[in-house]
Amino acid sequence: MLLSITVLFRILSWLKTSLFLQDKYWCHFYIMFVAKSISSEHKDIIHDVSFDYHGTRMATCSSDHTVKVWDLEKGEWHCTASWKTHSGSVWRVTWAHPDFGQVLATCSFDRTAAVWEELSGDVGTKGGSSSNTWIKRTSLVDSRTSVTDVGFAPKHLGLQLATCSEDGIVRIYEAVDVMNLSNWQLQYEFNCNFKLSCLSWNTSRMHPPMIAVGSDEPSPAAGGKVQIYEYSETNRKWQKVEIIYTVTDPVHDVRFAPNMGRSYHLLAIASNDLVILTLKNLRKEGGNAGGPSRFEIRQTGSFDDHQSVVWRVSWNITGTILASSGDDGAVRLWKANYLDSWKCIAVLQSETYASDIEKTAFLAPSIASTPTPGSYR
Amino acid sequence: MLSNVSKKVHDKVSSDGNYKSMAYNCESPLNSLAVNKDFTQVVVAGRSVFKILNIKEDCFTENVNLRVGRHINLTYSAADVAWHPSDENVLASAATNGCVVLWNLCKSAKSKQANIFQEHKRSVNRVAFHGSEHNQLLSASQDGMVMIHDIRTKAGPIFKFGSLGSDSAKDAQFCPANSGYFVFAAAYESGTVQTWDMRRPDRAEKVFMAHNGPIFSLDWHSADKTPWLATAGRDKTIKIWDMSRMDKPQPPLLHVITNIASVGFIRWRPNRKNHISSCSLLLDHSVNVWDLGRPYIPFASFEGHIDVTTCIEWRDDCHTFLSCGRDGNIIQHVFADAKRPADKINPIGVDISSNGYIGVASIIKKEHINSSSGKSKKISKSRQFTEAHSGLHVYSDWDEAQKTIMPSFEEIALQYKLEGASLVDMCKHNAKIAAKFKKSQIAQMWNMLATIYGPFINSQAQQSHINRPLGLTSPQHEKQDHSELAAVKSALKRGRDKGKNKLDAHVDVTSGSNDDSSDVEGESSEIEKNIPEKTLEANFLFGDGGEDEANKDFYNAGGILSEDDYNWSIQPLPSEGFQSRHDLNTMIGTHPIMMESDLTLVPMVDSIHPHEDLDQNCEPTLVVKSTLEHDAMDSSTSVADLIKSLAEEGDIQTCVSMLVVLGDHMKALIDETYQESWFYSYIDLLGRYELWTVANVVMKQSKLASICSLNQESTVVHTMCSKCSRACERAAWLCDKCKRVTNLCSICHHPVKGDMVWCQGCCHGGHIDHIEQWLTFSDRCPAGCDHVCEFF
Numbered sequence: 001m002l003l004s005i006t007v008l009f010r011i012l013s014w015l016k017t018s019l020f021l022q023d024k025y026w027c028h029f030y031i032m033f034v035a036k037s038i039s040s041e042h043k044d045i046i047h048d049v050s051f052d053y054h055g056t057r058m059a060t061c062s063s064d065h066t067v068k069v070w071d072l073e074k075g076e077w078h079c080t081a082s083w084k085t086h087s088g089s090v091w092r093v094t095w096a097h098p099d100f101g102q103v104l105a106t107c108s109f110d111r112t113a114a115v116w117e118e119l120s121g122d123v124g125t126k127g128g129s130s131s132n133t134w135i136k137r138t139s140l141v142d143s144r145t146s147v148t149d150v151g152f153a154p155k156h157l158g159l160q161l162a163t164c165s166e167d168g169i170v171r172i173y174e175a176v177d178v179m180n181l182s183n184w185q186l187q188y189e190f191n192c193n194f195k196l197s198c199l200s201w202n203t204s205r206m207h208p209p210m211i212a213v214g215s216d217e218p219s220p221a222a223g224g225k226v227q228i229y230e231y232s233e234t235n236r237k238w239q240k241v242e243i244i245y246t247v248t249d250p251v252h253d254v255r256f257a258p259n260m261g262r263s264y265h266l267l268a269i270a271s272n273d274l275v276i277l278t279l280k281n282l283r284k285e286g287g288n289a290g291g292p293s294r295f296e297i298r299q300t301g302s303f304d305d306h307q308s309v310v311w312r313v314s315w316n317i318t319g320t321i322l323a324s325s326g327d328d329g330a331v332r333l334w335k336a337n338y339l340d341s342w343k344c345i346a347v348l349q350s351e352t353y354a355s356d357i358e359k360t361a362f363l364a365p366s367i368a369s370t371p372t373p374g375s376y377r
Numbered sequence: 001m002l003s004n005v006s007k008k009v010h011d012k013v014s015s016d017g018n019y020k021s022m023a024y025n026c027e028s029p030l031n032s033l034a035v036n037k038d039f040t041q042v043v044v045a046g047r048s049v050f051k052i053l054n055i056k057e058d059c060f061t062e063n064v065n066l067r068v069g070r071h072i073n074l075t076y077s078a079a080d081v082a083w084h085p086s087d088e089n090v091l092a093s094a095a096t097n098g099c100v101v102l103w104n105l106c107k108s109a110k111s112k113q114a115n116i117f118q119e120h121k122r123s124v125n126r127v128a129f130h131g132s133e134h135n136q137l138l139s140a141s142q143d144g145m146v147m148i149h150d151i152r153t154k155a156g157p158i159f160k161f162g163s164l165g166s167d168s169a170k171d172a173q174f175c176p177a178n179s180g181y182f183v184f185a186a187a188y189e190s191g192t193v194q195t196w197d198m199r200r201p202d203r204a205e206k207v208f209m210a211h212n213g214p215i216f217s218l219d220w221h222s223a224d225k226t227p228w229l230a231t232a233g234r235d236k237t238i239k240i241w242d243m244s245r246m247d248k249p250q251p252p253l254l255h256v257i258t259n260i261a262s263v264g265f266i267r268w269r270p271n272r273k274n275h276i277s278s279c280s281l282l283l284d285h286s287v288n289v290w291d292l293g294r295p296y297i298p299f300a301s302f303e304g305h306i307d308v309t310t311c312i313e314w315r316d317d318c319h320t321f322l323s324c325g326r327d328g329n330i331i332q333h334v335f336a337d338a339k340r341p342a343d344k345i346n347p348i349g350v351d352i353s354s355n356g357y358i359g360v361a362s363i364i365k366k367e368h369i370n371s372s373s374g375k376s377k378k379i380s381k382s383r384q385f386t387e388a389h390s391g392l393h394v395y396s397d398w399d400e401a402q403k404t405i406m407p408s409f410e411e412i413a414l415q416y417k418l419e420g421a422s423l424v425d426m427c428k429h430n431a432k433i434a435a436k437f438k439k440s441q442i443a444q445m446w447n448m449l450a451t452i453y454g455p456f457i458n459s460q461a462q463q464s465h466i467n468r469p470l471g472l473t474s475p476q477h478e479k480q481d482h483s484e485l486a487a488v489k490s491a492l493k494r495g496r497d498k499g500k501n502k503l504d505a506h507v508d509v510t511s512g513s514n515d516d517s518s519d520v521e522g523e524s525s526e527i528e529k530n531i532p533e534k535t536l537e538a539n540f541l542f543g544d545g546g547e548d549e550a551n552k553d554f555y556n557a558g559g560i561l562s563e564d565d566y567n568w569s570i571q572p573l574p575s576e577g578f579q580s581r582h583d584l585n586t587m588i589g590t591h592p593i594m595m596e597s598d599l600t601l602v603p604m605v606d607s608i609h610p611h612e613d614l615d616q617n618c619e620p621t622l623v624v625k626s627t628l629e630h631d632a633m634d635s636s637t638s639v640a641d642l643i644k645s646l647a648e649e650g651d652i653q654t655c656v657s658m659l660v661v662l663g664d665h666m667k668a669l670i671d672e673t674y675q676e677s678w679f680y681s682y683i684d685l686l687g688r689y690e691l692w693t694v695a696n697v698v699m700k701q702s703k704l705a706s707i708c709s710l711n712q713e714s715t716v717v718h719t720m721c722s723k724c725s726r727a728c729e730r731a732a733w734l735c736d737k738c739k740r741v742t743n744l745c746s747i748c749h750h751p752v753k754g755d756m757v758w759c760q761g762c763c764h765g766g767h768i769d770h771i772e773q774w775l776t777f778s779d780r781c782p783a784g785c786d787h788v789c790e791f792f
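First to last, the protein sequences are chains A and B.
The first sequence begins at 1 in the UniProt record's numbering and counts up one residue at a time.
The second sequence begins at 1 in the UniProt record's numbering and counts up one residue at a time.
Incorrect hints may appear among the rest.
What the hints assert, rightly or not - Derived contacts from chain B toward chain A, CB cut-off under 8 Å, selection only: (1) I260; (2) S262; (3) I345; (4) N346; (5) P347; (6) S353; (7) I358; (8) S362; (9) K365; (10) G391; (11) H393; (12) D397; (13) G650; (14) R688.
What the hints assert, rightly or not - Have a look at the derived ranges for each label pair, beta carbon to beta carbon: (15) A:D142 with B:R203: 42 to 52 Å; (16) B:K737 with A:E76: 19 to 29 Å; (17) B:H749 with A:D99: 33 to 43 Å.
Keep in mind that the hints were calculated from the coordinates and are not lab data.
In this text, all values refer to a predicted model and were calculated from it rather than measured experimentally.
Virtual Cβ for every residue (Gly too), placed ideally from N, Cα, C.
Okay, chain A solo, but in the shape it has when bound (with noise of 0.2 Å):
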């Protein structure tokens, strides 16, 4: 019998390695897509897309100042919304949680945040045709500028929503009551000391709250582009735990994998390359009293295989895929091996580009109403 248990102890580490070989064979698989192109009817260019918890729904925001939600309906997106949000580009868009209700966030280059809500009721209406309405629920006015990134916190936080601006400063708001979505009150409001460009919440429920933070500062001398903060339960304020001394460049989005109870973070940070980070917390959980936490910081990976620059990063709900999208209008899929090295496991591409082309050369006579390019200038 003890000789059976011995077995299957070697099986169960063959078991561990094996998994090696399976990831190693994942790369060999060519993993097909299919793209379901949507017209859009957004006037501008479209900056976010945003699903909302379910997957069911999904939110664009664009430069044209319109927000647009897309209901799946029998596999298809119908547009079931659109309306003027700002009066401005429209730089993000995010769900909060549905337990709150079917609420969006939103921010903008006209440096506010607004707060929607969708107002039930309308559900029944069948047909699509009738579009529903989406009531402004607030709007953020602190900042002085840009307002650049929005987030809602995790859910165990309750409703807190977090905006970041050009201005350097991050501000936190809170729904005290979540029953009424037209009073958030600015609980917390910190400096970042540089130009803002993303937010990011972490998700762990075994640390305190912490959100990272990126630059898109061109100077490299300004140091590291990303920074993290912490609230600490003792000053009862955010603090500054961590700065990323690697990243220089200017980086355009952060993103925490959702945490699903690592021990680590994981980071996900679009810059001039890709960059991944895990973030060890060096103290013993559980001690949340005492001084912030310390972090044993290791690079993961780096890859420039946009060539170009990254604009967006968004992980999977488990947080074991990330979607990379750059200046090359690719977007890449990401996963890692056993021994937590990153490959890139597919490039989606837009096929219609191509006959985006011909179309346009179909178009050109008409297009040629207007003056020649030269006189443009």
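Go by the hints and put chain B onto chain A.
Below, chain B without anything else, positioned relative to chain A:
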């Protein structure tokens, strides 16, 4: 090929910079500026500044200070200033006390004021010279009047337009000579624009509502064939009107540009048909140049002012302009130094949804167009700017079954067995499920667990048992399992009715049908299933003994009901919805049959509860057990390691499923905060897929108090009496005040104590199965109210 496309939007700017960006501080807020015709001098004016500066190659130098003289009064400060188009020495300024002041720089006296027209009653907002008739000066005032003066005479205005005190005129500009020699347009505080023929002062040619709120600025397009008028106001918009059709009352609106704040001043960029520059009255201190083709993002943006910019004046070469602001600065901006906001914006957004869709919105870059000759021609950068738009794509896996982003999460979650069978059976079942979804590693792990925790001696028997077609507990035959269970249940009920001990009855029923020793585990699981059933029935009101009292009182008083009237077994509550009150697992150990017949089960139970006094009861097995116990513990630590590593890899599904299946085996070996966090994460994931039932099973089977209690929060449903609108306190279906049963079933006329369904329209309803039955033959309300009911 798309790669490495620079998004830069270049304006063709001569790089051999004749002009430089430069600034001069006048130390006092500036309202307006004007340049002479050869752009060598600039006059700047404000409340306490009025001076002429020389425009040198790399700096401004002060030339003349006009704010000198014996009596400095309001005429020495200006809201607006204009330079004579041909005579270098003549200036006009608009004073806030209603004066239009003419200045002659040739005057030998210290004060250069040549003439003052005092016809306006309130402050003058704008002065402008006619483009060809250089002696005609237009002035627009707050008092509502627009006047044309002849600067050669000292007399009053030659023409007056509008009526006094009606509507403040904020701006007025002559139409360029080529589109309307005698025409000018005036903008008013009410948001109207009026065009006048200067030969006909009696009535306006055209009056139309242009803006919602005051208009602060207007400007005629100077190019030929584009009789466009731009207006801007407090409603944050710049609007471009086509003024060519003089016959139409409302000219066609060509473009709207929305700013982030009220627009204070606009000027067309010379030599560029579609470019217009603007500055805001608040918030935004920069000067923006817009392209009409893309009204959302400024083509170029010029920073430098630290307060509101008030006035813009372009040099004719269109690459340089001057601006002045409230901060007292006059700045020469050069296009080469402009910020191009469109270069800095994110062109490609991406997000992954919880069910594996990837949404991508990316800019469509048109590098080349194929002209008719087939040659590809590069699209000009400014066309790239104006035609920028995004394509929106949602990617999903080619093969629906192969889910790259979240491989088979949902199906696995649904098919995993987390309760209701023995540990080994669950492991084997889950291994099969994992294998089915091509997760061979995970399947192996499950099999491993089954072997580690399974009985070693008759693992062979176990195997055969699993494959037995009619096995009581074999997972593949859940249906049979259920039907047998139902039989057991009814037997149980019968037993209870006879007043027997229910446990005994149960043992009778089950042990009668089983003699295979390996089935004991399955049997025990039945006990698990059935006991909660019973406890639930007893506490059907989910309350304490007090409510049962109320129950009894009611039966006695009303005498309507007896327990047999309603067949409880028709309506079994799903057991997974509730946590049973007692830790039923301990029952396994005390079960007499188990103690005696199954030796192998003992170690695995006891290894975790070694302190329990069961040990004494099982003397004969102790020898065997002690060795097994040790090994089980050992393997447990490495299983714990396995589970931990699964969590670190992000496979929370397998991790939590194993935790649930292994139950108490893992409890002590893994830090509870981690376990808690894993459970929360997995429950959250299940929530994303709306797998509430699975989430409930996970909660129920969790050994952590904080997780177990999750599905017991906010479970109270408060009811109100439909008659007196008071909360029913004692029982959900009895109003203390009215002494009345509140929610009777419309069909059986008995109070509904469990699941009730009612029509939202007429509020009638009843027992869910009664209504269901009713609906099979009628869609009308069972209460007879003739409502066509809709039950959800």
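G650 of chain B as chain A interface residue, shortest Cβ-Cβ below 8 Å: holds (4 Å)
Hint validity - S262 of chain B Cβ closer than 8 Å to any chain A Cβ: violated (11 Å)
Outcome for the supplied range 33 to 43 Å, where the beta carbon pair is H749 of chain B and D99 of chain A: holds (39 Å)
Restraint check, 8 Å cut-off on beta carbons, for I345 of chain B near chain A: holds (6 Å)
Per-residue hint verdict: G391 of chain B, partner chain A, C-beta under 8 Å: With Cβ-Cβ at 6 Å, under 8 Å, it holds.
Supplied distance hint 42 to 52 Å, evaluated on CB atoms of D142 of chain A and R203 of chain B: Taking Cβ atoms as reference, D142 of chain A and R203 of chain B lie about 50 Å apart, which means the hint holds.
Hint check: 8 Å Cβ-Cβ cutoff, K365 of chain B to chain A: holds (7 Å)
Supplied contact hint for S362 of chain B, tested at 8 Å Cβ to chain A: holds (5 Å)
Agreement of hint H393 of chain B with chain A interface, Cβ distance less than 8 Å: Nearest chain A Cβ about 5 Å off; hint holds.
Minimum beta-carbon distance criterion (8 Å), R688 of chain B to chain A: Cβ of R688 of chain B sits 6 Å from chain A, so the hint holds.
Interface hint for N346 of chain B, Cβ within 8 Å of any Cβ on chain A: holds (5 Å)
Interface hint compliance - P347 of chain B to chain A, C-beta minimum distance less than 8 Å: holds (6 Å)
In terms of the numbered hints stated before, the structure departs from hints 2 and 16, listed from lowest to highest.
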